[in-house]
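Number of protein chains: 2
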Amino acid sequence: MKINHPLRNTAFPEEGAAQNELALFTDLYELTMLQAYFDQKMMEDAVFSLFVRRLPKRRNFLLACGLDTVLSFLENLSFNDESIAYLRSMKLFSDSFLNWLGRFRFTGEVRAVPEGTPVFANEPILEVIAPIPQAQLIETFVMNQIHLQTVLASKAQRVVSAARGRPVVDFGPRRMHGIDAAMKAARSFYIGGVAATSNVLAGKRYGVPVTGTMAHSYIQAHEDEAEAFRAFVRIYPQTVLLVDTYNTMEGIRKVIALAESLGKGFQVRAVRLDSGDLLALSREARMALDAAGLNKVEIFASGGLDEDSIQELVDSNAPIDGFGVGTSMGVSGDAPGLDIAYKLCEYAGKGRLKLSSGKPILPGRKQIYRVEEHGKDVQDIITRYNKDNPGRPLLITVMRQGKRLPPGTADLKTIRGHAQDQIARLPFRIRQIASADPPYKVELSASLSDFQRKVEQEVSPWNLEEF
Amino acid sequence: MKINHPLRNTAFPEEGAAQNELALFTDLYELTMLQAYFDQKMMEDAVFSLFVRRLPKRRNFLLACGLDTVLSFLENLSFNDESIAYLRSMKLFSDSFLNWLGRFRFTGEVRAVPEGTPVFANEPILEVIAPIPQAQLIETFVMNQIHLQTVLASKAQRVVSAARGRPVVDFGPRRMHGIDAAMKAARSFYIGGVAATSNVLAGKRYGVPVTGTMAHSYIQAHEDEAEAFRAFVRIYPQTVLLVDTYNTMEGIRKVIALAESLGKGFQVRAVRLDSGDLLALSREARMALDAAGLNKVEIFASGGLDEDSIQELVDSNAPIDGFGVGTSMGVSGDAPGLDIAYKLCEYAGKGRLKLSSGKPILPGRKQIYRVEEHGKDVQDIITRYNKDNPGRPLLITVMRQGKRLPPGTADLKTIRGHAQDQIARLPFRIRQIASADPPYKVELSASLSDFQRKVEQEVSPWNLEEF
Chain A
411 MKINHPLRNT
421 AFPEEGAAQN
431 ELALFTDLYE
441 LTMLQAYFDQ
451 KMMEDAVFSL
461 FVRRLPKRRN
471 FLLACGLDTV
481 LSFLENLSFN
491 DESIAYLRSM
501 KLFSDSFLNW
511 LGRFRFTGEV
521 RAVPEGTPVF
531 ANEPILEVIA
541 PIPQAQLIET
551 FVMNQIHLQT
561 VLASKAQRVV
571 SAARGRPVVD
581 FGPRRMHGID
591 AAMKAARSFY
601 IGGVAATSNV
611 LAGKRYGVPV
621 TGTMAHSYIQ
631 AHEDEAEAFR
641 AFVRIYPQTV
651 LLVDTYNTME
661 GIRKVIALAE
671 SLGKGFQVRA
681 VRLDSGDLLA
691 LSREARMALD
701 AAGLNKVEIF
711 ASGGLDEDSI
721 QELVDSNAPI
731 DGFGVGTSMG
741 VSGDAPGLDI
751 AYKLCEYAGK
761 GRLKLSSGKP
771 ILPGRKQIYR
781 VEEHGKDVQD
791 IITRYNKDNP
801 GRPLLITVMR
811 QGKRLPPGTA
821 DLKTIRGHAQ
831 DQIARLPFRI
841 RQIASADPPY
851 KVELSASLSD
861 FQRKVEQEVS
871 PWNLEEF
Chain B
411 MKINHPLRNT
421 AFPEEGAAQN
431 ELALFTDLYE
441 LTMLQAYFDQ
451 KMMEDAVFSL
461 FVRRLPKRRN
471 FLLACGLDTV
481 LSFLENLSFN
491 DESIAYLRSM
501 KLFSDSFLNW
511 LGRFRFTGEV
521 RAVPEGTPVF
531 ANEPILEVIA
541 PIPQAQLIET
551 FVMNQIHLQT
561 VLASKAQRVV
571 SAARGRPVVD
581 FGPRRMHGID
591 AAMKAARSFY
601 IGGVAATSNV
611 LAGKRYGVPV
621 TGTMAHSYIQ
631 AHEDEAEAFR
641 AFVRIYPQTV
651 LLVDTYNTME
661 GIRKVIALAE
671 SLGKGFQVRA
681 VRLDSGDLLA
691 LSREARMALD
701 AAGLNKVEIF
711 ASGGLDEDSI
721 QELVDSNAPI
731 DGFGVGTSMG
741 VSGDAPGLDI
751 AYKLCEYAGK
761 GRLKLSSGKP
771 ILPGRKQIYR
781 VEEHGKDVQD
791 IITRYNKDNP
801 GRPLLITVMR
811 QGKRLPPGTA
821 DLKTIRGHAQ
831 DQIARLPFRI
841 RQIASADPPY
851 KVELSASLSD
861 FQRKVEQEVS
871 PWNLEEF
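Those sequence lines, one after another, are chains A and B. Sequential numbering of the first sequence, starting at 411, is according to the working numbering. Sequential numbering of the second sequence, starting at 411, is according to the working numbering.
No wet-lab data here; the hints were simulated from the structure. A couple of the hints might just be wrong.
Because identical chains share one entry, a pair is satisfied inside a single copy or across any pair of copies.
Pairs of lysine-lysine, DSS-like flavour, derived with a Cα cap of 30 Å [as the list claims (entries may be wrong)]:
#1 Lys797 x Lys813
#2 Lys797 x Lys706
#3 Lys674 x Lys823
#4 Lys674 x Lys864
#5 Lys823 x Lys501
#6 Lys501 x Lys706
#7 Lys760 x Lys797
#8 Lys451 x Lys674
#9 Lys851 x Lys769
#10 Lys674 x Lys501
#11 Lys674 x Lys760
Note that the coordinates shown come from a computational prediction; the quantities given were computed from them, not determined experimentally.
Sequences and hints are given; from them, build the entire structure.
As structure tokens, this is what we get:
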């Protein structure tokens with residue numbers, strides 16, 4: 411696959427809506443609560459933690475992603491006149507509240523794990539510390555973006571892992587959930603180890619390598635497959651030829667005939683198989699190409715692939731040099747949604763939680779320490795944030811008073827390298843696509859457990875006593 | 411749930427990218443093929459059909475959606491200077507091609523089933539007739555949007571069907587795949603029968619009713635749940651109170667105590683249960699509320715719901731008056747991706763297809779006739795487009811020479827009404843959420859079958875013969 415564009419880093423203000431109306435991308439209850447906080451003069455600092463309650467089936471970890479989008483959003487968050495006018499038309503909000511909302515800015519602090527860091531259940535991916543209306547309003551956007559990008563990066567990492575070194579290319583934009591998803595996917599996939607995308611706009615915006623050659627329609631529009639190959643190769647000598655429009659092995663024979671007729675002028679890099687039994691066809695194609703002296707022509711496979719079918723092909727030593735993966739990676743077919751939550755865990759200096767069954771919260775600001783043994787990360791400890799612990803602390807302060815702290819946005823290639831490095835430090839069983847047994851060990855520190863019990867006891871009496 | 415805004419129809423130019431760069435939201439191979447068509451002077455009319463190859467498991471039909479977005483895109487499609495400059499930087503394209511691309515407009519014809527029409531496997535949702543470069547370039551965007559919106563409308567319809575008349579509210583924006591998905595979801599869900607969304611920006615843009623009241627964090631931020639209820643009701647007397655932050659039945663008792671203390675001033679519309687055994691809790695809550703004379707206070711349920719859990723609750727006569735549905739509907743959990751295809755079926759007046767195993771194409775322009783018996787739709791017949799047949803033709807011409815035909819965009823409420831009407835005409839077994847046995851009958855007309863065989867024979871000899 412040809413890589414067409416060098417990496418570069420581009421700030422990107424909008425996310426599926428014009429920047430100046432993005433403040434309205436929120437659940438209505440955030441705004442009704444905001445008015446209540448405003449009326450009640452509840453403006454003290456809140457701490458919200460963003461975390462995933464449990465990993466999806468068969469998943470051993472998630473790859474955190476999406477922080478850059480969140481920080482850009484927070485730096486630019488404000489309500490324009492048109493947004494305020496719309497809210498006024500709802501007849502739910504007072505003039506004094508709307509005037510205050512017109513001056514709304516995010517002035518808080520954000521602590522987060524860097525993009526491309528593996529995370530586990532209940533670990534804070536991000537904590538927001540800000541006056542409660544600010545930390546509350548941003549819930550919908552922050553969850554939406556961290557969820558999306560973490561879902562996608564995590565899925566991509568599995569596909570890349572299954573391909574064991576063979577490049578994986580993102581063919582998914584046509585079946586991803588909308589334009590924003592397809593754009594963020596190209597970036598998240600790249601962080602997760604994908605080599606390139608077919609999405610041209612993602613190349614322009616993020617500098618992700620872009621690739622692609624031909625579809626069936628091009629072949630079909632010609633009277634003859636061999637003629638289509640000849641015409642395309644005249645324009646793109648080093649292209650990848652799609653050979654399964656009518657019959658894969660006939661397609662291969664036409665490529666061979668083309669090579670014979672072009673002689674030294676034949677520079678086709680690869681053939682692409684897009685249907686049928688990819689293992690059998692790749693073997694047959696490899697033999698035919700090799701027999702014709704075309705050992706350098708690679709075989710690229712696509713068509714309904716996911717991490718399981720790729721692993722099977724790789725385990726069977728299919729002579730496939732690269733994979734194009736679409737829908738299954740693009741929508742994270744086995745786990746399109748995570749049980750992600752953004753929960754109040756401190757207000758006005760006091761730890762907070764809720765007791766709703768099956769949905770526990772760890773109170774207060776927290777830190778994650780990742781503990782290493784013999785060069786591998788072996789367990790995490792979630793602690794209260796000011797407690798020192800052995801291991802590397804993962805949450806770092808990335809925004810203060812509404813501004814990104816230096817070094818600001820990491821370069822995309824750096825984030826990708828960080829992901830690769832951090833994944834390599836995980837135990838072998840955790841890096842596999844099958845369920846790890848035992849799973850990665852994550853513990854609460856004694857001080858956090860004690861604090862959780864203390865807050866539970868504080869909360870319970872006045873909420874559980876009979877009236 | 412309160413409905414806060416009247417319906418209105420708003421044109422919406424951007425889809426997750428600025429309008430003026432949307433032309434680059436395409437797979438790179440579309441552009442490499444375009445340059446080949448340009449070089450080879452292949453500019454004759456092509457017909458592409460968009461269809462779903464097979465229905466997802468357990469699905470009896472799909473609800474077509476997304477046409478409005480596609481038509482807006484086609485009307486505005488062009489490459490701005492910055493996009494051309496980016497393409498030039500890729501060093502893949504000639505100056506003469508890029509100059510031509512700078513003048514690119516969509517001037518073709520679109521035939522489509524109206525939004526909100528039930529469709530089945532292999533039925534064209536849309537056909538594009540345009541010079542091949544035009545019909546080719548738009549593939550990625552057209553598929554992305556019809557796929558997304560059809561996935562979402564179809565899923566929503568199932569959830570609404572399971573709720574049997576009880577309102578369903580979209581709580582999903584935080585876990586949908588990006589901003590574009592969340593925006594289109596609010597619109598698609600409304601077409602599929604959902605009553606309202608929590609997404610404020612969707613209310614502003616599409617006029618979908620917006621609703622929402624309070625989250626756990628509001629309760630947690632107060633020292634006492636009862637105090638939080640009192641404070642919120644002071645501002646929003648007719649609100650819905652969330653009662654499960656600490657203990658659902660304790661929460662209910664606090665609502666009752668509040669009613670006693672407020673007397674006639676108590677106007678709370680509903681309580682919301684968000685965790686635990688919703689059947690048992692709704693019964694217990696209903697009894698407690700009724701015993702306190704609060705028969706008018708409704709019970710609203712949310713928390714991990716999908717069509718199956720809702721059907722179970724409804725079948726068990728759970729006293730629940732409405733449902734808030736998030737992730738499962740928002741990502742279409744059971745079927746996040748469809749096997750959707752956009753395939754060349756005619757070029758330069760000749761039927762085209764491919765023979766790739768398991769991926770057949772119906773050649774030429776087509777029509778779908780829906781046949782009625784005793785007031786119910788009982789089967790569809792896919793025909794060649796100029797063949798008259800019994801039944802209602804479903805594909806209508808909506809764009810000619812790149813312009814929408816009158817009446818242009820239907821009002822959202824009209825589309826919703828159309829969907830409701832068309833779904834009601836389906837046989838009972840097809841409208842159920844369980845797999846229908848037998849499935850809805852879809853046949854090819856004799857003339858289309860004959861044509862398919864004829865094109866197969868034309869295609870085969872020169873593609874299958876040995877070199």
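Hint-by-hint comparison with the structure:
Only within a single protomer do Lys797 and Lys813 lie at most 30 Å apart by alpha-carbon distance; the minimum there is 26 Å, versus 65 Å between protomers. In this homomeric assembly, Lys797 and Lys706 never come within 30 Å of each other (Cα to Cα): the closest approach is 58 Å inside a single copy and 51 Å across copies. Proximity of Lys674 to Lys823 under the C-alpha cut-off of 30 Å is found in neither arrangement, the shortest distances being 37 Å within a copy and 64 Å between copies. Proximity of Lys674 to Lys864 under the C-alpha cut-off of 30 Å is found in neither arrangement, the shortest distances being 78 Å within a copy and 39 Å between copies.
Proximity of Lys823 to Lys501 under the C-alpha cut-off of 30 Å is restricted to the inter-copy arrangement: shortest distance 22 Å between copies versus 48 Å within a copy. For the homomeric pair Lys501 and Lys706, the shortest alpha-carbon distance between copies (24 Å) is at most 30 Å, but the shortest distance inside one copy (69 Å) is not. Proximity of Lys760 and Lys797 under a CA criterion of 30 Å is satisfied intra-copy only: 17 Å inside one chain copy versus 74 Å between copies. Taking the shortest alpha-carbon separations for Lys451 and Lys674, only the inter-copy value of 27 Å comes in at or below 30 Å, while the best intra-copy value is 79 Å.
For the homomeric pair Lys851 and Lys769, the shortest alpha-carbon distance inside one copy (20 Å) is at most 30 Å, but the shortest distance between copies (45 Å) is not. Taking the shortest alpha-carbon separations for Lys674 and Lys501, only the inter-copy value of 23 Å comes in at or below 30 Å, while the best intra-copy value is 75 Å. In the homo-oligomer, the alpha carbons of Lys674 and Lys760 never lie at most 30 Å apart, since the shortest distance is 76 Å inside one protomer and 36 Å across protomers.
Consistency note: the structure conflicts with the earlier hints numbered 2, 3, 4, 11.
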